[in-house]
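Please model the complete structure; the sequences and the hints are all you need to start from.
Residue numbers (this note's numbering), protein chains in the order written: chain A, 1 to 335; chain B, 336 to 670; chain C, 671 to 1043; chain D, 1044 to 1416.
Think of the hints as simulated: they come from the structure by calculation, not from any bench.
Being a predicted model, the structure only gives us computed values, none of them experimental.
The reader is advised that the hints may include incorrect statements.
To be verified - Heads up, simulated EDC-like pairs for lysine to aspartate or glutamate below, C-alpha to C-alpha not over 20 Å straight-line:
no.: 1; chain 1: A; residue 1: 308; chain 2: D; residue 2: 1402
no.: 2; chain 1: A; residue 1: 305; chain 2: D; residue 2: 1372
no.: 3; chain 1: A; residue 1: 308; chain 2: A; residue 2: 326
no.: 4; chain 1: D; residue 1: 1342; chain 2: D; residue 2: 1174
no.: 5; chain 1: B; residue 1: 643; chain 2: C; residue 2: 984
no.: 6; chain 1: A; residue 1: 308; chain 2: D; residue 2: 1411
no.: 7; chain 1: B; residue 1: 643; chain 2: C; residue 2: 795
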Amino acid sequence: MTELTLGKALGAGLRRAMRDDDRVVLLGEDIGRLGGVFRITDGLLDEFGPTRVIDTPLAESGIVGTAVGLAFRGYRPVVEIQFDGFVYPAFDQIVAQVAKLHYRTQGRVRMPITIRIPWAGGIGAAEHHSESPEAYFVHTAGLRVVAVSNPADAYRALRQAIASDDPVVFFEPKRLYHHKGEVDLDAPLADALPMGLAQVVRPGTDATVISYGAMISTALQAADAAADEGVSLEVIDLRSLSPVDYDTVAASVRRTGRVVVAHEASREAGVAAEVIASITEQCFEYLEAAPLRVTGHDIPYPPAKLEKHHLPDLDRILDAVDRVLDRRNLTGAEA
Amino acid sequence: MTELTLGKALGAGLRRAMRDDDRVVLLGEDIGRLGGVFRITDGLLDEFGPTRVIDTPLAESGIVGTAVGLAFRGYRPVVEIQFDGFVYPAFDQIVAQVAKLHYRTQGRVRMPITIRIPWAGGIGAAEHHSESPEAYFVHTAGLRVVAVSNPADAYRALRQAIASDDPVVFFEPKRLYHHKGEVDLDAPLADALPMGLAQVVRPGTDATVISYGAMISTALQAADAAADEGVSLEVIDLRSLSPVDYDTVAASVRRTGRVVVAHEASREAGVAAEVIASITEQCFEYLEAAPLRVTGHDIPYPPAKLEKHHLPDLDRILDAVDRVLDRRNLTGAEA
Amino acid sequence: MSPQITPIADTEQDLSLVERLLTPEGRRIANPRLDPFVQDIDAAALRGLLRDMVVLRRIDAEGVALQRQGQLGLWAPCQGQEATQIGTARALEQRDFVFPSYRETGVIYARGARPGDYVRMWRGEEGAGHDPAALGVAPLQIIIGAQTLHAVGYAMGIRHDGADEVAVTYFGDGATSQGDVNEAMVFAASYNAPVVFVCQNNHWAISEPVAVQSQFPIAGRAPGFGIPSMRVDGNDVLACFAAMRWALAHARAGKGPAFIEAVTYRMGPHTTADDPTRYRPEGELEAWRQRDPIARLEKHLDELGERSAEHAAETQTEADRVAREMRAECLGMVTRPPLAVFDAVYAEPHTGLERQRADYAAYLAGFDEEVVA
Amino acid sequence: MSPQITPIADTEQDLSLVERLLTPEGRRIANPRLDPFVQDIDAAALRGLLRDMVVLRRIDAEGVALQRQGQLGLWAPCQGQEATQIGTARALEQRDFVFPSYRETGVIYARGARPGDYVRMWRGEEGAGHDPAALGVAPLQIIIGAQTLHAVGYAMGIRHDGADEVAVTYFGDGATSQGDVNEAMVFAASYNAPVVFVCQNNHWAISEPVAVQSQFPIAGRAPGFGIPSMRVDGNDVLACFAAMRWALAHARAGKGPAFIEAVTYRMGPHTTADDPTRYRPEGELEAWRQRDPIARLEKHLDELGERSAEHAAETQTEADRVAREMRAECLGMVTRPPLAVFDAVYAEPHTGLERQRADYAAYLAGFDEEVVA
Ligand SMILES: Cc1ncc(C[n+]2csc(CCOP(=O)(O)OP(=O)(O)O)c2C)c(N)n1
Ligand SMILES: Cc1ncc(C[n+]2csc(CCOP(=O)(O)OP(=O)(O)O)c2C)c(N)n1
Ligand SMILES: [Mg+2]
Ligand SMILES: [Mg+2]
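What follows is the structure in structure tokens.
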């Protein structure tokens, strides 16, 4: 076990994947000499040279589109989108090509492309630097979507994403890049949990809090605070947003009967909507209260000084927990 | 009242809006001489000339991006995206600019842009010509999203969209372009129902079927078939997907207690997920059964010969209705 | 600092501003840029090109017919563009890899397409009509311009592999307006990628004349990105062949990308769903009929005294055979079973989709039971 | 058919391939393309430009200082680019409209920004730092290249209105790789739109040297789209002013778009979050210090005998005043109340958002009650 920040764990994952398979190439803006604006690829140019760590022109559609071509040629490209808000120029290539080429060719052409996205807010950044676009990709068939919440998972899941023969949109919570955790750098990938599984990161009995990414820390803090008041929360880290591991989720919901789903992304047609609709379908008669969402508002990401009024925090999660635990207030929203 | 096809009603709506306000300009590929590949803009070039009916270069980001500039200048651009699957190259301009400029400038800059999208499948088309991308836009704060299902609504809602000071993504069901209906061409816009309202298109008591676009015809057929078996279905046409008119929806759900939400788009994090999550939040104790989704599968739109196995039809809606009416089968999916 | 630009005054002048080896009358003229690339092309080779073009036109006509008869959902005719497609594609090596748009029937023909390959996609049976590996051709691409970036990425891979191959991408005049095509030129130039851009300027993007996209020669675009380019008479199959050899030699020599604008004409509708009478100026089609690429090569062979009735007959037989097989394959296609919609969305298992597949299978099974019951 | 292209061998040669009026030593040289546009520029006007540049550098330094002191989230310094920004922006008429990127502090200064305008956005108080209508400047744009299309659309509007105005857009060397910037050139050329493209080639896109985007002069890109262009010494304020007048005159005369590449240098970091020592070659910054745009104009005024101590003192006073006001405005800013996050998402009521606003208001009110209770 080695103590690493989440950022360093990702770097270690990339290095490991590149050593294991010389068809793995990295593309992105400023990922070479600079090591990326978050230094995730630091040192990789020196080790693997400019044909495998490729500083690209400033054009996201170009980056993803050339990655598609490299995949046609048998490479396994790993693309870095510099910030979450800069993925949209590549949207067409991702949605119409990366996601569909395997289906279009009935598996004759594989798209083992990993699209890494430094992700989400809470870092006081300028506009377009704090977006949570994951629902767009979850809604896109043909993609897998992963979101990590800690260094060990980051190291494991990034290697799994790169090893996957499917395209993976890989969300990295910027807010946690400097958070530390223990990572087993030598753990064989074959022994790891599959990429698509959720994890109960804290067992509990009264209600289930479902989240992913940086919000997991918040959910765990909420669980601590709730415990102080005698409420036992189960916290589930989805880890994979497409597919969602509904076996793990439903098992928990059937035990607790009460659910809060939390994420930073805005609410309408977001991931929480999906999770709640599916839970309701699958566990209706186990539900003791309406599952509730704690999400960013349906607003563009606000200026930094106001972001704390957009991002769900401990209190907003606890408020929702209170409501799912108290049937009286359930449909207050209908007033 | 005049009998018009949905396509002609849209054309009439455009003509009317252009006559009423000379800041309304149209941009798109082939919308001039050709009148658009669906002939929606037929005749408008002749009436309004090439400075108001603008055949653009073949570049969707360019079309939407220049529309933004025209809006800065005080114009009300109406953009035609040739087919649903060609909106993605414009995604960045739509999501990061059109949707956000009003917020970014706190209302100092308005974006009264209407983005018309011939939409969805069932017409035996080639790849990228049958997409249902509405959830992407519903998830995007700052946009309004409208979907029409009949000529009268098409005429009314298109004029409302153009008159709105907000950007509107306007979905036109291709499959219904040739469907006829009565349209009151002289009805003053001021008297019309607001753009954001849903409509109960068929009252019923046993269950509520919620849908929009071309699927409304299917839902109405399902209601007919159900009536033959003594089941009374209420059918709601959402008409506006952002915002969703939850007053109308919830009122129905509280009466019937049973809900099916149907759309062509794929399921994960789709509009049905949103509607069900919200209904569950707002009407939990009125629900007699888990609300169910009848949607396209989470697959890329399949080749034309297979599309009927992707698109929800009468039978799939009725199957879901059977399930919401029969508590025994409710959680069959959990097996 | 500003490169010299030649505006297109009209299509007549437009046509004179091209590299050419055969005049519209079929006379061979000298061209110092192109001559070196056709030294080995003898009469037999010319007859081969003629045969290809005639067979292609037949395939194209069969596609239109099958669509009219309700056997295909759509067809995108390439009539008029035979010289561009055959000329450029016949210059390729087998190991090269092509990223086409949707109108490249001639290119997949030249790459060895089997009869069903032409129609499988247009009939709506499959997403891709052919096996990319078998032909060395990516699936037909409908999103305008997207494939050009794929070609550049593939070419970056060629370069990393140190291979002696070239990636080639075909696209239309309309496509040059798309961001992707321009980004493709940026990436190609930056990485000195062995890729050849072939723009088929057929004068129209559906109803929009090329002037909507550019009032200047499209070939003038590439040099600004650092890519050498050539504007060639796209109805002169010999010139297209030579231009492509020039471009391929440039790329294979490690000198990076090259760009060809082939000036040609779409004689048919945009697709079978299109009605060009709504936009095509009177007389334009007739004028281009005079420049028919097949007639031009025939005249040239006539002039050489190398066109034989026997070859014509053989060609006709071959064309009829391909058309017959294409029709037979088309009519014989069996649509995959319902659950095939779930096939190959992913390469690896996806629990969400597996659940949907199972649900849908159960739903379908319900009908069988009903029928049985 | 292929325009002549001049490859950049190195930055030294790169710098000699520009239009120029003042040598790095401050000597005025003749330039037939630019001279006609600066006939009316006397010493007083030159001093005005000097004052602008000095004040701008002070504003920029204050921005950096405020960020270092935790008062701003970020700042994007423009040190080194003063001549480009002041020279081009001072050539504008008030009625023109600018679509900038994020580094155009000098442009908004020249357009009459008030002290708070420089910092409001970077401090994270507002999405836009200034009122677009007041300055004739769109909000700073962070999405690389997006604003170029807005400028073209605005210019299409100008043309429809028959107005005597020009839209101007600023962007970097890196931005030229984006599809949007190329599409902007396509649209601008097609519609003959009165728009001026100003590319500030400051040699870097964060850590990537301009050669990653283009190994050829960026100014060579525009003519391929049919847009005349000029490559100008971006550290020569007089040349920048003249080039902009040339471009504006071209656009105002109804001749359509024009393109300027101003070759300059970012002397500071990309932003205050950047560490250029990780990528900047040794000696590069030092070499560019020798070409400091402010020093150049000072030398020129010295040579003319037109630089006075009095003017320098006045300028310093003005610079200090602006910096002081900027700091005071910054420190005095009051963050909007929590529910302001919901303001102006839409121009018209949106029931979904209203519900969320009400819910959040109720939630916040709950805390007050708790506190009260
Ligand atoms: C991104 C995108 N936008 C729009 C279309 C619709 N469309 C199909 S073909 C076409 C015209 C293409 O013209 P060109 O590039 O000249 O090729 P040609 O059809 O002439 O071969 C258009 C607009 C599309 N397929 N993809
Ligand atoms: C679409 C997009 N991709 C990436 C970024 C991140 N980014 C911000 S500035 C920058 C470099 C821009 O370089 P250039 O265009 O030369 O302008 P400069 O910063 O030198 O003024 C990058 C990559 C962005 N803001 N937008
Ligand atoms: Mg064309
Ligand atoms: Mg730069």
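Results for each hint:
1. A:308 - D:1402: holds (16 Å)
2. A:305 - D:1372: holds (16 Å)
3. A:308 - A:326: Judged against 20 Å, a Cα distance of about 26 Å means the pair is violated.
4. D:1342 - D:1174: violated (37 Å)
5. B:643 - C:984: Given pair residue 643 of chain B, residue 984 of chain C is violated - Cα atoms ~44 Å apart, limit 20 Å.
6. A:308 - D:1411: holds (17 Å)
7. B:643 - C:795: Holds: residue 643 of chain B and residue 795 of chain C sit about 13 Å apart, inside 20 Å.
In this structure, the earlier hints numbered 3, 4, 5 are contradicted, and the remaining ones agree with it.
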